[in-house]
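Student: Work the whole structure out from these sequences, hints included.
Chain by chain, the residues run as shown.
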Amino acid sequence: MALGVLPSPACPPAPRGSPYRWMQVASQCQLLQSSSGRPSAPQLPQLPDEPVLLQDAPGGLFQLPPGDPFPERVTVAWLSVVALAFALVCDPQENLSLAEITLRRLAPRLLASLRLLGPGADVLLRPETIDVLLDRFLPHGQMLFLNELFLQAVDREMGIKASR
Amino acid sequence: MFTAAAESFLKQAREIQEEELRRFASRVATVLQGPEPGPEAADCLQRLHLSVAASKYPRRLDGKFVDLLQAVLCSPKSPEQIQLLCAAILREMSPCNDLTLSCDEIRDTKLLSLVSSVLLAQGNKKAEVSAVGQRIVKVLERRLPEGQSARYLLPVLSNVIRLSPESLTEASPWGSDLLHLLSQPGPVTEVDGAIATDFFTVLSVGQYYTEDQWLNVQAFSMLRNWLLCYGAKGLKPPNSDDKMGMDRSVMSVVSTTSTAGRLLPPKDRLREKAFEYCQRLIEQSNRRPLKKDDGDLQKACLIEAVTIMDIICKQDSSYVYRSVSFLKILHSRISGDATYARALLPIAQFFLNHGKTAAVDSDAIYKHLFTDIPAQLFHNPSLAFEFVQFCKDNTQLFTETSSIFRQSFPNLFKFLAWNSPPLISEFVDLLPFLLDASTAIEIFHLLLDLPCLTAALDVQLRSTALPTSERACDPAVKPTTCLEAFRHPQYKSMFQYLLRTKSAPEEAPQRLIPLRQLLGSLSSSPRVVQCAETVPVLLELFFRVVAEFADARLINQLVVLLLQRSDQLYEIPAFKDDVYRVLSSQLVMLCKLRPALVVELSTEILEFSGTVGNIQNKEAIFSHLVWAVGEYLSVSYDKRCTVEQISRFFETLEAMLFEITQLRPLASTPSYAPRAISVLMATLTKLAARSQDLIPRVSMFLSKMRTFVQNPAVTSVYSEEDLEEILIRATELMNLLKMPSVAQFVFTPPVDVGSTRFQREVNETLPFALRIVTRLLEPAPSFMPG
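Chains A and B supply the protein sequences, listed in that same order.
Numbered as in the numbering used here, the first sequence ends at 164 without a single skipped number.
Numbered as in the numbering used here, the second sequence ends at 950 without a single skipped number.
I should point out that these hints are in silico values taken from the structure, not numbers from a laboratory.
Hints are not guaranteed to be accurate.
Facing chain A, from chain B, some residues (calculated, C-beta under 7 Å) [what the hints assert, rightly or not]:
#1 A169
#2 H213
#3 A252
Don't be surprised by glycine CBs; every beta carbon is placed ideally from N, CA and C.
Tutor: Pasting the structure below:
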């Protein structure tokens, strides 16, 4: 399961190369999948550009204690789409509803712009594409209260057609 | 994990050597310094970025190259993609000592934002945060040139105050700009399509958004942080005198009317405006949105608005009176709507923080929150998480025994039962606050029945989902499925007890026995199994906490219940084994804490240790119990320990040892845990050492062990190592009994000696002691005393 981790500025960066945080999200996701009786390896859509349904995508919240791996206690909002997981690391006092909304907006746009479900390696080789998206939806780590029409305006600006 | 192509790129990037990287970097430098950096430059930079980012250890690039990257980043001629890539590489290398980047001369706001992202990643060793903050404020204060947008700068400011609030002490005028941004008019609509008649907010809907409306969105998004930083610091506005302090009472009267906003200092005006904005948002959240996803945003806005109001009231208590009635109305509006449940938490927090100030009775709010919400919405994982966080943030609520919060703990455990993996660590933090002398017993039972609770919740959910027509139930017919049993009179009250919303200490969990059996059909469901895995951790914590406050009566109660409940556990084999393991070690802990209980509870202990089935089914508990008897049944621990007591135990345990070691020529020999045999022998020896007329009996028994271990029927069911151990142990014990006074000392130490490390670990060091004694009796030529 591949992973993208988006830190909010409230959290200083985790130590380099700490695989532990990846495992946390992966195991939370697998445990949630198994508890709900869903198959653990959902089928990939036939075509990489097929719109991915996010309404039923599993997600959740959990906390990491201080020092493990971030210096301060953090709350992680995660979302799993097909075989990928996305995690947004927040300060425990932040608006977690907004964090979940932000993730659900970022995920399909990242999926589409980076063709994450396809065979390529864009996720590794196009950091500037990721930065452009983050700059719109999570500028300097700031979550935004964007309603649907604002969202469309943002998409228009970026010239992308995001799957819903 | 990745696709094959991605895996190979990653591998290459991680394995690239220093020298190769340097050469690559100089090639990139050449390309960048060419006439117009194009696709080849972008490609190189992308690969370079991957090399720097992918490695576990920081990669160092040449100082000159860093200079080049900085120059390309800041050059107006560089295409945007190239700039982004340079910034990304510089960020990956942070903190970077060779960085000379500065935002002082940059006028383009987009570039300023990008450069700030690099500077803010440096770890603030050279006060970069403050430098960035002040530059941003300076740019924002002046009129921005044509084509430049402030949109790129507000988020940077938000980041700056989060990282280092002090950096903006010089910048107080900016509060009023924020105020201005929050006050946009606009010919726009509401989310439900109605024409808006009031000022613009994040829940206003427009077609083409103006710059100011964008900034409005950003300003609200950072408002909470701004208030926490700006509002609490006691910043004085530029023209303040000490009048500020004296006139505070006047000011607070003025602010309640909210018409004199113009007269207030910027900080207070901002608070007033923020308050109005939040009130408007709350009103707007009442509208039914045309676009479904806006409904989610409405709820997030609601939560934010209530939280901000709470902060405002903390900073200026004059707002409390205005807020209280408003929020009470909000509460009644949303309390029946499950989709708004998460918003009930900040509302409750508000009343917890300010209800006393306003002399308002908020009990109905807390009651609804703790009684209804967990029962109805335990299956919502985000709500479950936030609810438990709310409890952790307000643990002082649980200290009052009679409070609604404390009484609702059975409800709280439903969150854990259903959502075990993310919540187990939260409950480890929360459990100590729920435990005291009045709740300990009930919580003990609840923990042991936690997986049953999961199963029951599953049945409840499925039953609720059934159409009413299918819910009918014939009381005469015995139910065959859990779903049928849910409404059947025979089981209904059991379900109700298990699913209770309030503490019920007087109820007897024995009544759940039939229900536990019935729910056995769900015992392999993944959710139930996940929950079962959390129980051992919580049980250990339970005992650790209880040991700190338990009195004699509670300790005794727990031991009795522990033995009773060992028969009444949900049938999941791995679960039962884990629980036995924990219970047996905790049993020993309780006996150590209060050795007298062995005498006081002799009836129950005799009954348990005298049942052969317990050696088969619950060996761990049996063995530890028998060990505890050997250890603590002594007049040195309790004066009431009579010779008759010791004899009674002796006889029971002797009969047990006889039962499990007797050789039946015709029937096949069952095998018992070798540990049980060993501990029985050791305990009988210890008891004999204290009541010496029992010694001949034990010695004779021990001498028969040789016959036992050599018997072919026995060697076929026990392993050779185990039988050897048993024989060695029997021999050592016999030898010890040949020196009764030594035996007495070893096995019945005076109580103060009993606290030395040696004695505490007798369970492990006894064999060692026995070997020493054996050697004393049969010295080998090489044996050296001492």
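Student: Confirm or reject each hint.
Tutor: Quick rundown of the hints versus the structure:
no.: 1; hint: A169; verdict: holds (5 Å)
no.: 2; hint: H213; verdict: holds (5 Å)
no.: 3; hint: A252; verdict: holds (5 Å)
Taken one by one, the earlier hints all hold for this structure without exception.
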